[in-house]
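Residue numbering for the sequence shown follows the numbering used here, beginning at 7 and increasing consecutively.
Read the hints as simulated data drawn from the structure, not as lab findings.
Computed Cβ-Cβ distance ranges for the label pairs, DEER-style:
hint, residue 1, residue 2, range
1, P85, S145, 18 to 28 Å
2, A188, L103, 34 to 44 Å
3, G263, I193, 40 to 50 Å
4, I290, A143, 34 to 44 Å
5, M332, G378, 41 to 51 Å
6, S145, L212, 32 to 42 Å
7, S246, L221, 22 to 32 Å
8, P215, T373, 47 to 57 Å
9, H99, G378, 51 to 61 Å
Glycine included, each C-beta is placed from N, C-alpha and C at the ideal position.
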Amino acid sequence: MLRPGQALLLLLVSLLAIGVVGVQSAGVRVASGAQLDFSSLLVSRTTFLALLAVIAAWGASRTPVRELARGSTGRWLAPTLLCISIALLVLVHVPGLGREVNGASRWISFGSFSFQPSEIAKWSLILVLAWHVARNAASLEQFRRGFLPGLGLILLLVLPVVLEDLGTAVLMLAIGVLLLLAAGCRIVHALCLLPVGVCGFIAAVLVSPYRIDRLQAFMDPYADPQGTGYHILQSMAAISSGGLTGRGLGNSVQKHGYLPEDTTDFIFAILSEELGIVGVLVVICLYVLLLVIGLSVLRRAATIFEKTLVLGVTLTIGLQALMNIMVVTGMAPTKGIALPLLSSGGTGWILTGAGIGLIIAVDRAATRDEAGTPALSTMDCALPR
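Let the hints inform the model, and build the full structure from the sequences given.
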């Protein structure tokens with residue numbers, strides 16, 4: 007029988023395989039004359055990124071997670087991640103480094119290499135909060151010593167993101183607050199700040215006209231079918247035309263200039279068109295299994311650091327997938343949220359793989375505890391068994 011860690015690795019590989027095929031299929035254009043075949047998949051950049059994600063997961067799975075929260079490692083890791091994330095979020099706005107895509111500066115480019123600092127900030131937030139709750143476990147119920155410092159750490163990473171990527175900022179804020187509450191902070195403290203959060207969200211929408219357009223398109227996409235409502239209408243057309251079993255891989259019609267962002271934000275719509283309801287139900291089941299196994303590891307985790315870490319990774323993948331699917335199916339305004347491990351994006355794939363690898367590392371530690379095996383040293387944990 008598969009251990010939870012082994013099952014997580016299998017789910018990671020399965021989702022990445024679907025992602026590679028889906029992205030390559032969505033990227034095939036009639037005008038290019040390219041075809042979707044095994045040889046092109048094997049040598050594609052997408053396959054290389056998927057391989058890096060698996061390597062990141064394997065490397066993270068060998069991490070001695072308990073050393074991340076204590077000793078010399080614990081003292082420097084979280085503050086370093088926090089400072090690096092903030093610095094990268096600022097560098098996005100530096101001319102020559104930051105790259106603007108679809109009207110928003112979300113990328114840092116070095117020649118042909120580019121990445122999204124918001125992805126690094128999103129995953130760093132989990133480790134930073136896990137470190138915070140582990141160091142302040144006895145005072146989490148207090149507002150000034152528990153909740154407020156945790157909220158401050160969240161805002162340090164969320165505020166630089168909110169102007170350029172409201173969807174990711176909302177996701178990070180939700181995950182951060184949920185982690186604080188799960189760790190022991192009082193819900194009344196979070197509720198007291200809810201009006202401030204709502205006002206901040208409204209202000210973030212009002213200062214950006216394109217966000218108002220997205221809300222109007224969500225309310226009535228047919229009011230401007232060739233403008234603000236175009237994305238969602240084309241997405242719905244792709245989903246509805248897929249039927250039960252889909253048109254077949256590579257046979258999407260909407261990818262041929264009709265549906266923008268077909269390899270990224272709207273990859274779920276292309277999968278729906280090519281694989282049908284049956285195919286996307288398989289994808290959804292893989293996500294559900296990943297969440298269930300993640301929560302099973304959470305129950306076996308021994309320390310508050312490990313529990314917060316596992317819950318953070320699980321929530322991030324689950325909520326991000328839910329937000330993306332809601333957008334693509336017209337149940338939420340367009341946000342620019344990627345579908346984990348499926349939407350094209352090397353930064354997201356590699357960091358998500360590393361996050362899943364950390365859950366596997368927690369599972370390995372729990373298995374050793376249950377077997378009564380003494381904790382391995384840092385070097386022992388870094389070596390394959």
